[in-house]
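With the sequence shown counted from 1, adding 873 to any position gets you the working numbering.
Careful, some of the hints might be misleading.
Unchecked claim - Within a straight-line C-alpha distance of at most 25 angstroms, the following computed BS3-like cross-link-like pairs (lysine-lysine) qualify:
{"no.": "1", "residue 1": "Lys-966", "residue 2": "Lys-940"}
{"no.": "2", "residue 1": "Lys-940", "residue 2": "Lys-911"}
{"no.": "3", "residue 1": "Lys-911", "residue 2": "Lys-993"}
{"no.": "4", "residue 1": "Lys-994", "residue 2": "Lys-912"}
{"no.": "5", "residue 1": "Lys-994", "residue 2": "Lys-911"}
{"no.": "6", "residue 1": "Lys-940", "residue 2": "Lys-976"}
{"no.": "7", "residue 1": "Lys-966", "residue 2": "Lys-912"}
{"no.": "8", "residue 1": "Lys-976", "residue 2": "Lys-993"}
{"no.": "9", "residue 1": "Lys-912", "residue 2": "Lys-976"}
{"no.": "10", "residue 1": "Lys-976", "residue 2": "Lys-966"}
{"no.": "11", "residue 1": "Lys-976", "residue 2": "Lys-911"}
{"no.": "12", "residue 1": "Lys-966", "residue 2": "Lys-993"}
{"no.": "13", "residue 1": "Lys-940", "residue 2": "Lys-993"}
{"no.": "14", "residue 1": "Lys-966", "residue 2": "Lys-911"}
{"no.": "15", "residue 1": "Lys-940", "residue 2": "Lys-994"}
{"no.": "16", "residue 1": "Lys-993", "residue 2": "Lys-912"}
Hints in this document: simulated from the structure, not taken from any laboratory.
None of these values were measured; they are calculated from a predicted model.
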Amino acid sequence: MAESVFGEGTVTMSEELDHQGADFQVTYGNRTLNYQVKKTSFSREVRQDRPRARQPLPGEFIEISYKVPIYDHIRQPYQLNGREFYSDYRQFKETYLDTGMLKVWPNGFVVFTPLVFVQKKGEIDNTL
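Generate coordinates for the entire structure from the input sequences, incorporating the hints supplied.
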């Protein structure tokens, strides 16, 4: 998704970057942005924090944090009464879905929208 905002060839992902604390790196204009995605959840699939690298990456670190409800509540967000959302889903919806930051695919997979990266690109564009 980041490459669709910053442009083709601007995003790098590698095991080495991962070991240095970045899930992916964006090189745009004269800036290097090191993105780390942190998911918190009530389920067991959450990644553990990793220690910082001895050789820090050049550039700015940007953490994208988001919290998702349990998978069953993503697939079926309404309580048994059929009228009210489960509280974890309601919070997720208000914070991430209604703001356009995240989108849920029909299979329940959660993905970022371009909005997550558009703001940072705009900040950089204003300094060029």
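Going through the numbered hints above, which ones does this structure break? Give me the numbers in ascending order.
none
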